[in-house]
Amino acid sequence: DGGITQSPKYLFRKEGQNVTLSCEQNLNHDAMYWYRQDPGQGLRLIYYSQIVNDFQKGDIAEGYSVSREKKESFPLTVTSAQKNPTAFYLCASSANSNTEAFFGQGTRLTVV
Amino acid sequence: KQEVTQIPAALSVPEGENLVLNCSFTDSAIYNLQWFRQDPGKGLTSLLLIQSSQREQTSGRLNASLDKSSGRSTLYIAASQPGDSATYLCAVRRSSNYQLIWGAGTKLIIKP
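If you read the sequences in order, they're chains B and G. Under the working numbering, think of the first position of the first sequence as 20, with each following residue one higher. Under the working numbering, think of the first position of the second sequence as 95, with each following residue one higher.
Only chain B is shown next, with the shape it has when bound in the complex (with noise of 0.2 Å):
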């Protein structure tokens, strides 16, 4: 089955600790997102990658850290400091940038 997978689905965080969220596509996507999702409020972009080995900042990088060294994977790192972590976190993809963006299930990371 082709599509987005990310792990975990929940995710519990001590303060001060670093984690890492999961993303793997094989759709072949050149293009990777990471967004966070708040109630009541549109999706915010944390990074984007648009190819392998490059990956640019969005509105909201501060307190996160990505890499791409593969194609088909793109994690997302929550540091200690990002003070306000607690979110629901998604993933997506797209053939390039300009294409129809699809996305992973979602981790809900929550800070304890």
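Think of the hints as simulated: they come from the structure by calculation, not from any bench. Be careful, since some hints might not be right.
A few chain B residues facing chain G, derived, Cβ under 10 Å [said to hold, decoys possible]:
id, residue
1, G59
2, G61
3, R63
4, S116
5, E119
6, F122
7, Q124
Chain G regions said to be covered by chain B (calculated; three or more residues, Cβ under 8 Å) [claimed, not checked]:
id, stretch
8, 123-135
9, 193-205
Everything numeric in this text was worked out from a predicted model, so none of it was measured. A virtual CB, placed ideally from N, CA and C, is assigned to each residue, including glycine.
Starting from the known structure of chain B, arrange chain G on it as the hints suggest.
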């Protein structure tokens, strides 16, 4: 700056009704517009993609229109069913950098 607005934020209608969801945007320089569906706690499912040169797209009971000059798109759902209950999001893709700009969504409830 591109802003995307979806009104109303929530809508409840009886089963069987035809209904229209609205999406407005402030900058007509868009590459395309995409409508998504999101079920509670889940990722986004792409419904329809309209290129900037198109006026409408249809898929089953769904029809999306685009009027760039007035900065509006509508999603028409025919013969609504309880299974259509979800949050519907629209996103416009900027022509300048291909980034998606999101509305906050309309939460739709179809009452049996």
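Ascending list of hint numbers which this structure does not respect:
Of the numbered hints, all hold.
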